[in-house]
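There are 2 protein chains.
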Amino acid sequence: MLTPRAEDFPRWYQDVIAKAELADNGPVRGTMVIRPTGYAIWERMVDEMDARIKAAGSQNAYFPLFIPESYLRREAEHVEGFSPELAVVTHGGGKQLSEPVVVRPTSETVIGEFMAKWVSSYRDLPLLLNQWANVVRWELRPRVFLRTSEFLWQEGHTAHATEADARAYARRILHDVYEDFMVNILAIPVVVGRKTARERFAGATNTYTLEGMMGDGKALQMGTSHELGQNFAKAFQIEYSSREGGRELAWTTSWGSSTRMLGGMIMCHGDDNGLRVPPQAAAVQAVVTVVKDGDQVLATANKLRDALSDAGVRVILDDRVDTPFGRRAVDAELKGYPVRVEVGPRDLGQGNVTLVTRYNGTKTPLPLDQAVDAVTAALHTAQESLLTEARTRREENTAEVSTVDEAIEASGAGWARLPWSAVGVEGENKANQQGVTVRCLTREDGTVPDSEDEPGLVAYLARAY
Amino acid sequence: MLTPRAEDFPRWYQDVIAKAELADNGPVRGTMVIRPTGYAIWERMVDEMDARIKAAGSQNAYFPLFIPESYLRREAEHVEGFSPELAVVTHGGGKQLSEPVVVRPTSETVIGEFMAKWVSSYRDLPLLLNQWANVVRWELRPRVFLRTSEFLWQEGHTAHATEADARAYARRILHDVYEDFMVNILAIPVVVGRKTARERFAGATNTYTLEGMMGDGKALQMGTSHELGQNFAKAFQIEYSSREGGRELAWTTSWGSSTRMLGGMIMCHGDDNGLRVPPQAAAVQAVVTVVKDGDQVLATANKLRDALSDAGVRVILDDRVDTPFGRRAVDAELKGYPVRVEVGPRDLGQGNVTLVTRYNGTKTPLPLDQAVDAVTAALHTAQESLLTEARTRREENTAEVSTVDEAIEASGAGWARLPWSAVGVEGENKANQQGVTVRCLTREDGTVPDSEDEPGLVAYLARAY
Numbered sequence: 001m002l003t004p005r006a007e008d009f010p011r012w013y014q015d016v017i018a019k020a021e022l023a024d025n026g027p028v029r030g031t032m033v034i035r036p037t038g039y040a041i042w043e044r045m046v047d048e049m050d051a052r053i054k055a056a057g058s059q060n061a062y063f064p065l066f067i068p069e070s071y072l073r074r075e076a077e078h079v080e081g082f083s084p085e086l087a088v089v090t091h092g093g094g095k096q097l098s099e100p101v102v103v104r105p106t107s108e109t110v111i112g113e114f115m116a117k118w119v120s121s122y123r124d125l126p127l128l129l130n131q132w133a134n135v136v137r138w139e140l141r142p143r144v145f146l147r148t149s150e151f152l153w154q155e156g157h158t159a160h161a162t163e164a165d166a167r168a169y170a171r172r173i174l175h176d177v178y179e180d181f182m183v184n185i186l187a188i189p190v191v192v193g194r195k196t197a198r199e200r201f202a203g204a205t206n207t208y209t210l211e212g213m214m215g216d217g218k219a220l221q222m223g224t225s226h227e228l229g230q231n232f233a234k235a236f237q238i239e240y241s242s243r244e245g246g247r248e249l250a251w252t253t254s255w256g257s258s259t260r261m262l263g264g265m266i267m268c269h270g271d272d273n274g275l276r277v278p279p280q281a282a283a284v285q286a287v288v289t290v291v292k293d294g295d296q297v298l299a300t301a302n303k304l305r306d307a308l309s310d311a312g313v314r315v316i317l318d319d320r321v322d323t324p325f326g327r328r329a330v331d332a333e334l335k336g337y338p339v340r341v342e343v344g345p346r347d348l349g350q351g352n353v354t355l356v357t358r359y360n361g362t363k364t365p366l367p368l369d370q371a372v373d374a375v376t377a378a379l380h381t382a383q384e385s386l387l388t389e390a391r392t393r394r395e396e397n398t399a400e401v402s403t404v405d406e407a408i409e410a411s412g413a414g415w416a417r418l419p420w421s422a423v424g425v426e427g428e429n430k431a432n433q434q435g436v437t438v439r440c441l442t443r444e445d446g447t448v449p450d451s452e453d454e455p456g457l458v459a460y461l462a463r464a465y
Numbered sequence: 001m002l003t004p005r006a007e008d009f010p011r012w013y014q015d016v017i018a019k020a021e022l023a024d025n026g027p028v029r030g031t032m033v034i035r036p037t038g039y040a041i042w043e044r045m046v047d048e049m050d051a052r053i054k055a056a057g058s059q060n061a062y063f064p065l066f067i068p069e070s071y072l073r074r075e076a077e078h079v080e081g082f083s084p085e086l087a088v089v090t091h092g093g094g095k096q097l098s099e100p101v102v103v104r105p106t107s108e109t110v111i112g113e114f115m116a117k118w119v120s121s122y123r124d125l126p127l128l129l130n131q132w133a134n135v136v137r138w139e140l141r142p143r144v145f146l147r148t149s150e151f152l153w154q155e156g157h158t159a160h161a162t163e164a165d166a167r168a169y170a171r172r173i174l175h176d177v178y179e180d181f182m183v184n185i186l187a188i189p190v191v192v193g194r195k196t197a198r199e200r201f202a203g204a205t206n207t208y209t210l211e212g213m214m215g216d217g218k219a220l221q222m223g224t225s226h227e228l229g230q231n232f233a234k235a236f237q238i239e240y241s242s243r244e245g246g247r248e249l250a251w252t253t254s255w256g257s258s259t260r261m262l263g264g265m266i267m268c269h270g271d272d273n274g275l276r277v278p279p280q281a282a283a284v285q286a287v288v289t290v291v292k293d294g295d296q297v298l299a300t301a302n303k304l305r306d307a308l309s310d311a312g313v314r315v316i317l318d319d320r321v322d323t324p325f326g327r328r329a330v331d332a333e334l335k336g337y338p339v340r341v342e343v344g345p346r347d348l349g350q351g352n353v354t355l356v357t358r359y360n361g362t363k364t365p366l367p368l369d370q371a372v373d374a375v376t377a378a379l380h381t382a383q384e385s386l387l388t389e390a391r392t393r394r395e396e397n398t399a400e401v402s403t404v405d406e407a408i409e410a411s412g413a414g415w416a417r418l419p420w421s422a423v424g425v426e427g428e429n430k431a432n433q434q435g436v437t438v439r440c441l442t443r444e445d446g447t448v449p450d451s452e453d454e455p456g457l458v459a460y461l462a463r464a465y
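If you're matching them up, the sequences are chains A and B in order. Under the working numbering, think of the first position of the first sequence as 1, with each following residue one higher. Under the working numbering, think of the first position of the second sequence as 1, with each following residue one higher.
Accuracy of the hints is not assured; some may be wrong.
Taking beta-carbon pairs under 8 Å as the criterion, some of the chain B residues facing chain A (in silico) [unchecked claim]:
1. Val28
2. Ala61
3. Glu85
4. Ala87
5. Thr90
6. Gly93
Please keep in mind that the hints were generated in silico from the structure rather than gathered at the bench. C-beta: ideal position from N, C-alpha, C; glycine also.
Whole structure, please, built from the sequences with the hints as guidance.
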């Protein structure tokens, strides 16, 4: 059914998105339609992320889609970075607008304007905001979930009294929200590090990133957190009176993660039979499948569904017995439901059902009265196994090298890891010319450096989506 | 602090939105910024609505913000209705677009296009979709929450095999989702009825509505549910092969409710001291206020906050003792927190705290160990009392009249109710010229008619937001 991954990974990706009914291309080039199966997984992601964002103290708000063009021009690097990607509204209500407005590509500028209004004293800081929204960045080479002209995301924007406070918060989000979510919910063992000056967000002084390894060995930037220094505070006059009575500029941060994470989950865990959704991220964790019709079978399947639901499992019943069983099994595999419990007359005659775990394809007959416990345990094991498998793959496909040339060569099949001192700006240029980028810098022990000038840093180089 | 409602209701509305920090005007005319206090209430609304929409069987999905201009033209009434309100993107990625795209004012057209792709057999019906999204309708006379150029909403879109199925579903949403939510969560006793032909949605064959009475006696349309007949099915070829093998056009519905409901909640329940948020809709149901500093006071307040939270109350602690108590009390009133528990050294010396209920301003001293039960009971009472109060006001301010002239006169201070046979198309024209509209038609017993030609119908006439 699906193109095998080894044959053509990008085509496999397209196939699985179409056949698992996750998304479609929209009519305007580069836009996408997120279908119910895909959107339900996104809702799970939003729930988990939103809880972590709130636990980190940020409050949700909503800022306008339309931003006056002049706002973007106030921060020089920012406008330079985003100008090529803007969608511009020139007409509204049947008339040409006196000033064109851009559809937000991100909201630092408009939120900066309101931070300046709302902040007057050190008592108003930190100001910790987040919004769930759509943004538009015109894409020349769109790919569903990974690069689309419109995508859904959360963008956090905070203002602080000191640089140290801003840095600590940008990193708190990086670790407590993003890393925790990606590792424990998406089962993606991201490498967390610092972007080089060249890879920084337009307008940032520091960009932190979380990089995931996909099934073909390429990298995907899964989320970023930025220190914006005082750049936007200057551009929008975000000032406060300090405890001592002076006027000070605030220090701001921004951080985002998007529907791109859906693409990352697909490409990290999917196999030749379709998706493998980690149970924590799954909208459907278990499906109870009626193999064949029959009063006892149907009644048992319904009871089992209810028992699983009572045990806190997100479960659905598949009783479409007029559709061949084989087709329904293939569909469940495609959609990556972590666990399937097959209830059929033959097994049931012996008091059994069959437990099928998606991540490893195992089929286990087991007594009906053990089914709930077995499903709960299988979900736990599946979550851990997917993470372990992805971590092992990442380690096996990360080559320790010592020169940029070796790194470029190794970036065909995976990542390369080498001393940042062996790369530098010149080496980064050379790699870029071959389509290889510095994904991030970390310290030797895996922690995140404060500067790219720290001695002993390690660089990860790879081809990326 | 606030302009009294009796003096200038629209100014009171603006004041309360500013001072309770619910929203600000955005920089592009007609847009709004929803601040954390306002957005937290919207999140409560979304949670409650979303649960009801899912219980009614609809699934969430996401369709693109940008719609090709040509899509809108396929349904003649639809394009005529929305053309004056469109925002048009003419440039993307630095180039002029070959076909301009509109920013969705609503999504019947683009969703119709995909329904046509996804529906092929009667087995695919009903197709029940919903999305949470932003939409843009250029507004000449914007007013925060009520009429904004961009707003947040849910829009449901469904396709059915028969007209009867479509009608039943449009009504299920009307009653089980909208009416239930508005009455039981927002405590707004809406009148549920049918729009006249003139007030129908552009492209609909039947429009159902829920009308709330605001504090000044005007009406606010709080939500609508539409039967679209086969209009969009024809325009987008939403066809299915029937059980008998023939090709049939589907019957579609759409239904929406928006951030406008926030405006309705403010204007229905607010008083001269600020908001009164019904406990079911409140993001903050109770605030534990530390009157003055002191070790025992702080420890007690923290314990009480935890106990209330454990009891399922959405509670915050106000321990900002460096801000004068009076100012914090005024702020809590402004924000409409349903219950305030004041913990101060004097009361506490006698083992007491003070319970303040926002809806009626009552202050009751009570023993600390009864506080949790008292808060829970007070929330229950406040919810019921706000609904009763709003229902009484609606009944008292609805005049039974018998002519259109009387209805126009009565519409200064409230609503008018009269036989639809005494209005008709001519009477509707006459009322419209005086700024009075037919809000809806109901049967004598309050149920929703199938047609405006049914005998014995009652018309509600009013001025409206």
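Against the structure, the hints come out as follows:
| no. | hint | result |
| --- | --- | --- |
| 1 | Val28 | holds, 4 Å |
| 2 | Ala61 | holds, 5 Å |
| 3 | Glu85 | holds, 6 Å |
| 4 | Ala87 | holds, 5 Å |
| 5 | Thr90 | holds, 5 Å |
| 6 | Gly93 | holds, 3 Å |
In this structure, none of the earlier numbered hints is contradicted; all agree with it.
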